[in-house]
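Colleague: Residue numbers (our numbering), protein chains in the order written: chain H, 1 to 457; chain R, 1 to 509.
No lab work stands behind these hints: they were computed from the structure.
Hints are all accurate, no fakes.
Distance ranges between label pairs, derived from CB positions:
1. H:T23 / R:M465: 47 to 55 angstroms
2. R:P495 / H:S94: 53 to 61 angstroms
3. R:S80 / H:L103: 57 to 65 angstroms
4. R:G392 / H:G86: 31 to 39 angstroms
5. H:A101 / R:A358: 55 to 63 angstroms
Among chain H residues calculated to face chain R with C-beta under 7 angstroms, some are:
6. V67
7. M70
8. H80
9. A157
10. T162
11. P213
12. R216
13. P217
14. D218
15. R222
The structure presented is a predicted model; accordingly, all values stated were derived computationally and were not measured.
Think of the CB as a built atom: it goes at the ideal place given N, C-alpha and C, for glycine as much as any other residue.
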Amino acid sequence: MNTGLNLPAPPLTPAPSEDLVRTNGRRLIAALRSDPALSVARLNAMAVGRVASDPDLRAALFRLVDVTPMCRDLSDISTHLTALLGEIEEPTRSVRLIRGAALRPALSRTAGFFARAGVRGMASRFIAGADAESALDELSDLWKRGVASTMDLLGEATVTETEADTYLERCEHTMRVLAGKMAGWQAQPHLETDRHGFVPRTNLSVKISAMTPNARPDSPGRGVAGASDRLRHLLRVARDLQVHLHVDMESLDLRETVTELVFDLLAEPEFADGPSAGMVLQGYLQDSPEELEKWLGWQAAAGRSVPLSVRLVKGAYWDHEVVEAGQAGWPAPVFTDRATCDRNFELLTRRLLASTDLVRPAIASHNLRSIAHAMAAAETIAGGHDAVEFQVLRGLGDDIQDALSDLGFRVRTYSPIGDLVAGMAYLVRRLLENTSNDSFLMARAGTENLDSLLVAP
Amino acid sequence: MRRSSVRSGLRSALDQLDVSLPIEAPALIGSSRGDIDGLISVDPGNPSRVVAVAGDSSSGDVDRAVEAAQAGFRMWGVTSARERAVVLGRAAAIMRQTRQQLTAMIVRECGKPWIDADAEVCEAIDFIEYYARQSVGLERTPELLQLPGERNEMRFVPRGVVAVIAPWNFPLAISAGMVVAGLATGNSVIYKPAEQTPGIGHELVSILRSAGVPDDVIGFVPGGDEPGKRLVEHPDIHTIAFTGSCAVGLEIIARSAALAAGQNHLKRVVAEMGGKNCLIVDSDADLDEVIPAAVHSAFGFAGQKCSAASRLLVHDAVFDHLAERLTGAVSSVLTGQAEDFGIDLGPVIDPDSAERHARYLDQASQDGEILATGGGLPAGDGYFCAPTVVSGLPDDSKLLADEVFAPLVTIERVADLESACALVEASPFALTAGLFTRNPEHARKVEARSPVGNLYINRGITGAMVGRQPFGGNRLSGTGTKAGGPGYLTAFVEPRVVCENTMRHGLVV
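Turn these sequences into a full structure, and let the hints steer you where they fit.
Modeller: So this is what it looks like as structure tokens:
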């Protein structure tokens with residue numbers, strides 16, 4: 001992609017040796033095996049695997065998950081269940097049985113009940129609670145076990161100014177409640193300090209699209225203007241409470257809006273020394289290396305005394321980007337080959353770890369190989385474990401988070417909070433991501449030989 | 001357009017265009033170039049800016065154009081489809097190269113925002129390439145039943161001279177579609193652009209001629225009502241392709257049916273005439289998706305698309321919540337100059353449209369309730385109308401039946417999907433409709449019952465793409481022909497069948 005800028009080519013950062021990566025990987029795997037929670041996670045992954053192998057069933061179940069919160073009552077859920085299962089062209093016997101049962105009037109509400117329970121069960125695996133207060137106990141347990149958190153507020157799409165204001169209030173409320181409670185928790189040095197100094201305990205992830213109804217891909221200025229005051233307010237609250245504020249990246253359409261807004265605001269003099277803040281770099285975008293160079297350039301020139309946190313993720317909008325590009329006749333902006341994507345992730349990891357004077361890298365992955373590579377690179381490139389933070393998604397990385405903490409790494413769990421209706425988009429995306437044939441978790445569920453998962457992409 | 005380099009390229013193209021205004025759009029009849037007569041087109045956002053100065057063609061001009069077209073047809077009608085496709089392919093290539101300039105022209109002459117204007121240029125290119133390909137396919141004789149002793153063949157030949165009477169709302173794409181459908185099939189074409197957009201019309205014809213369409217084969221007669229009327233009544237016009245209002249369409253169909261002295265053929269009319277398009281929201285719809293789609297379908301290009309959403313039929317279970325969120329969303333809708341990036345809608349085309357919008361608003365406040373209205377309008381003389389949602393209208397309100405063609409949409413509460421379908425079926429129009437539902441059985445039911453030409457499920461109802469969503473309506477929305485679809489070209493040709501006896505003296509030879 002032509003960015004229109006003449007940037008110098010990024011310096012080549014030597015990769016850690018494959019031996020070192022494998023050593024780290026084995027250490028990680030060993031730490032996993034010692035955790036009894038592993039078998040639960042793997043069982044979950046395998047059940048999900050059965051679903052993944054039948055694309056029609058998968059589609060039906062995701063659509064059911066998507067619509068369940070909008071259903072008026074149990075019968076309505078059951079009606080949707082039977083309608084969706086009815087779309088499957090060659091149903092298996094069990095699908096036919098379930099559908100047949102649900103169609104019988106006497107069983108309709110029961111079917112609806114179990115469908116709803118199943119959906120709620122899945123949701124509770126991924127969603128930490130309806131709000132900050134209800135998630136506190138769990139966050140406290142995690143902290144005691146040596147795992148930090150970042151909160152994400154799930155909600156309806158913001159299409160009105162009122163909805164944006166509500167989102168703002170919820171964000172502020174969350175920061176205040178958590179900062180208040182977390183202050184009283186025990187010390188956890190590996191979670192609270194690194195080479196730059198202190199790492200905030202309370203960490204909130206926010207979405208710019210929730211902060212304004214005016215985000216427009218063809219006019220970043222409008223979204224920036226719409227969200228500015230609200231984000232500035234949150235930055236002030238974060239600065240005063242010493243909370244970390246992290247801005248999520250959404251679809252590519254919004255990237256310019258998000259980066260322009262964040263850089264504009266962080267450059268304001270009142271934020272020169274705080275709060276700790278950051279953005280998300282999506283490794284599945286083909287131009288992500290150039291994008292990272294831009295960010296590093298900005299931070300180097302910005303004159304802030306706080307490093308920029310960069311969460312490196314693969315990316316959660318792959319289907320959307322490919323479909324949008326296809327329908328518009330553009331080349332896809334994302335890597336379409338899994339191995340290339342993984343290699344790019346490792347390239348970006350190394351670049352981040354070579355720039356720890358400017359940034360605090362957070363490597364967000366459930367891919368054992370990507371994690372092992374980052375563990376090794378933290379040593380060889382950045383000179384220590386404290387240079388890197390790992391992040392996992394609640395409900396998907398539970399075993400990984402404990403293993404990494406045991407090995408002395410700073411690790412943070414991404415914990416969404418919100419009600420069921422609000423949570424659906426998030427839930428559907430998580431399920432889609434992790435039951436696709438390309439999913440690392442699927443690969444992991446399907447093999448006993450975890451060593452084979454550590455091979456370079 | 002999400003890249004800033006693209007946006008600055010478009011802005012330069014606009015600056016360059018502005019320096020060269022006004023565009024000259026004289027009649028082009030054969031090799032002669034008419035006079036500029038004082039017909040002008042203006043920038044709807046800034047009416048003191050003249051965009052084009054055009055010829056004002058007379059009936060006499062049309063007669064001369066038909067003569068030239070007949071001469072052109074004698075040569076063009078016997079070329080092969082492949083030869084014609086090569087020429088048309090060149091026209092598409094020119095459009096690709098001049099995409100930014102064409103986009104800028106559309107922004108200026110009909111006040112269409114950037115994204116819509118660029119999409120229109122792409123649609124024009126798509127039409128040209130699609131019909132060129134299709135016409136080559138049409139030359140292959142279709143399979144007929146063959147029995148021993150006879151050879152049966154069917155071929156499609158061009159009818160003669162096509163009159164194209166084009167609208168102002170998609171001045172490039174719809175004109176290109178109708179004109180190229182005629183040219184690709186071997187007809188001569190006489191093209192009358194809408195009064196409001198002669199500049200773009202002239203540019204289209206220049207591109208076609210630069211690509212190699214002979215002067216006699218594509219004629220250009222800008223003007224008011226007179227050239228259009230003469231074309232419709234002229235005995236030597238074989239096919240009339242029209243896109244515009246229902247009233248004018250019905251008149252064309254009636255007048256063209258009359259047989260003039262010396263006329264030995266029946267004129268064929270291809271007409272696309274507008275609609276009163278409904279968007280149905282089921283009880284389980286995802287409102288996060290419905291709201292932006294409804295706003296865009298109703299207010300995109302200020303509601304000036306024949307496919308625009310005009311009535312929202314909302315299930316009782318979600319009506320209140322949707323109305324609340326829609327109200328909030330509409331108050332954030334930004335009306336501005338077409339050349340500003342990031343606006344949601346620009347001006348309407350002319351004072352008539354603005355007045356019509358105002359009249360319906362008046363009626364709405366008397367008969368019903370203004371539920372929501374968009375943010376402030378830009379200062380100046382531009383023809384700007386505030387996007388408005390109206391509720392609480394009586395069943396017999398004219399607002400529920402008339403095509404407004406301005407940024408105004410009504411919202412009605414329905415008890416269930418059945419009632420919504422009944423309302424759709426009661427309309428004399430049947431162009432587009434939409435349904436938001438997450439129950440596949442409901443989707444199938446509505447699909448089966450809906451009379452519209454283009455039904456959309458779980459998305460907005462505008463933006464039909466060539467080859468993907470062939471576009472055209474039924475009932476009083478049109479002649480049922482599908483632009484950008486596989487059958488469209490058959491309206492421009494006549495079939496001829498030959499049967500040859502292949503037996504000689506009892507033997508098949």
